[in-house]
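Novice: This is what each chain is made of:
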Amino acid sequence: MRVHVDAQKCQGHSRCYALAPELFDIDDYGNAHELNDGVVPEGLEARARLAQANCPEFAIIIQE
Amino acid sequence: MTSIYGPVTDWEHDFDHADPEYNANVHQIWDDLLNKKQCPVAHTERYGGTWLPLTHEHVREIAYDTEHFTSRSVVVGTTKPSQFDPQPPPSPIGNAPPISSDPPFHAEARRLLLPAFSPKKIDPWASEIRRICHQLIDDMGDVQFVDAAQQYSQDIPVQVIARMLGFPVQDADKFRHFVHLVLESVNEDRETRLAKFMVFDEYLTHQINDHIANPRDDLTTYLLNAEIMGNKLSPEHVGGTIILLLVAGIDTTWSGIGSSLWHLATNAVDRRRLAENPDMIPTAVEEFLRAYAPVTMARLVRDDYDFHGYAMKEEDWVLLPFPAANRDPNVFHDPDTVVIDREENRHAAFGLGIHRCLGSNLARLEMNVAIEVFLERFPDFELDQSEEVTWSVGQVRGPRRLPVRITARS
Ligand code: HEM
Ligand code: SF4
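Protein sequences, first through last, are from chains P and U. Following our numbering, the numbering of the first sequence begins with 1 at its first residue and continues without gaps. Following our numbering, the numbering of the second sequence begins with 1001 at its first residue and continues without gaps.
Just so you know, not all the hints are guaranteed correct.
Think about it this way: if two alpha-carbon atoms lie no more than 27 Å apart in a straight line, the pair counts; the simulated DSSO-like pairs of lysine-lysine are [unchecked claim]:
1. U:1120 <-> U:1232
2. U:1080 <-> U:1313
3. P:9 <-> U:1080
4. U:1120 <-> P:9
Hints listed in this document are in silico derivations from the structure and should not be mistaken for laboratory results. Being a predicted model, the structure only gives us computed values, none of them experimental.
Isolated chain P, as found in the complex (with noise of 0.2 Å):
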């Protein structure tokens, strides 16, 4: 599984960095970064679908 943070919707809620700080990373200008090239490893899988539920703007993409 692979996450994306899309740059363009991304307004810095900051809810992927506070659920999942394995994955997700936020700069001084709120703008969220993925982690590690967005590979989620093993177990953490559910984690980044919580993120992405969790995102205000729709900015989160998983790819199974």
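With chain P's structure known, arrange chain U with the ligands on it following the hints.
Specialist: What follows is chain U with the ligands alone, placed relative to chain P:
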């Protein structure tokens, strides 16, 4: 207090968000409009023409569409910006950047403030906020009845922002009165409001000058050193920005904390679950933000515009009820039930699009700590049935009196 237009009898064609009935019964009003009247977009002639879209799809579309809808004024008033200010700052800037700004200027004004409110800057405030919350509870003494809105929720955001700005903490009351003047006394006449405004302006100028003379490590000094498009901000711009932070950050957070405590005071099961499992609080806070979202914003229609068949006129107001969007069944499962461990929750309490609340990391931290400390000190409490709960009037919704009876303390 009633609205200057008088009480509402027809919410479909003559609604008024500043009628005290609106905030007190808002969920019923939306439900009637959407489900009984099949009216997803209500309209009123009040305030010179105002629209109220209710679905997540419509609210989202308007929030994203900065071309047809301008942020030049985000608080609905009886006078349109073009009437009271013949030469207002042009629309990309507005008089309270970035909230009143449109692209492309908006991004510049926002960029200046973002680093001061990033998670990594805000998180270290947790211990100070916790200290403030404990102090407020200590100050209540050993009483059985407390007003959780007046004696607790209200004070937290003012005390926090006063410390962040580096202003005398005992001046926190001044901030509160000023914000009330801006947000809730929209019905008072312009002269009276202006006079009160001037007094606060003088106070602010004094504080800013003091920071110019004695720079220190705080938000005011940060603003004085910040640059926009290569130029330092003028003291007036710094003053305007501080006013925005006060207006945007105080009643909103007060309302968020107050509504959460109202929910807990009226729901014994949720109260017990959170008191026994404080690690559930962050998820519960998101649900309180969804179900009791404090903030409704507004936009102005730039030019006559056909919005899905609704003939909007130039300079009509359009309310953006993020709280209604948060109860849309197309986006939220079982939206009218408060589920404190709701897993999927993409709520819009902090707005959608480019104006996403700049203070959202701070607001979330304050709400989390406030609820945690209250439940830690008062593991059990309930509404005091002999007194009345009152709700704010206008675009920020939250309890203004919240009498509770403390039944357990630690
Ligand atoms: C629970 C508390 C809060 C809620 C619900 C809330 C909600 C909102 C919403 C919905 C917006 C979007 C405005 C729009 O679309 O026009 C907004 C913007 C803003 N908020 Fe908050 N807010 C809260 C607390 C705070 C705090 C604590 C601060 C700062 C100290 C703050 C500062 C701002 C600023 C500066 C903006 C304008 C951002 C821009 O236009 O780019 N807010 N807030
Ligand atoms: S939750 Fe969505 S909008 Fe918020 S920071 Fe993450 S990707 Fe961006």
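Novice: Against this structure, judge whether each hint is valid.
Specialist: Verification of the hints:
Distance check on the hinted pair: residue 1120 of chain U and residue 1232 of chain U sit about 25 Å apart at the alpha-carbon level, within 27 Å; holds. The hinted pair formed by residue 1080 of chain U and residue 1313 of chain U meets the criterion: a straight-line CA distance of about 13 Å does not exceed 27 Å. A hinted pair counts as satisfied when its Cα atoms are at most 27 Å apart, and residue 9 of chain P with residue 1080 of chain U does not qualify at roughly 32 Å. With a C-alpha separation of about 22 Å, the suggested pair residue 1120 of chain U and residue 9 of chain P falls inside the 27 Å cut-off, and the hint holds.
The structure is inconsistent with hint 3 alone, although it conforms to all the rest.
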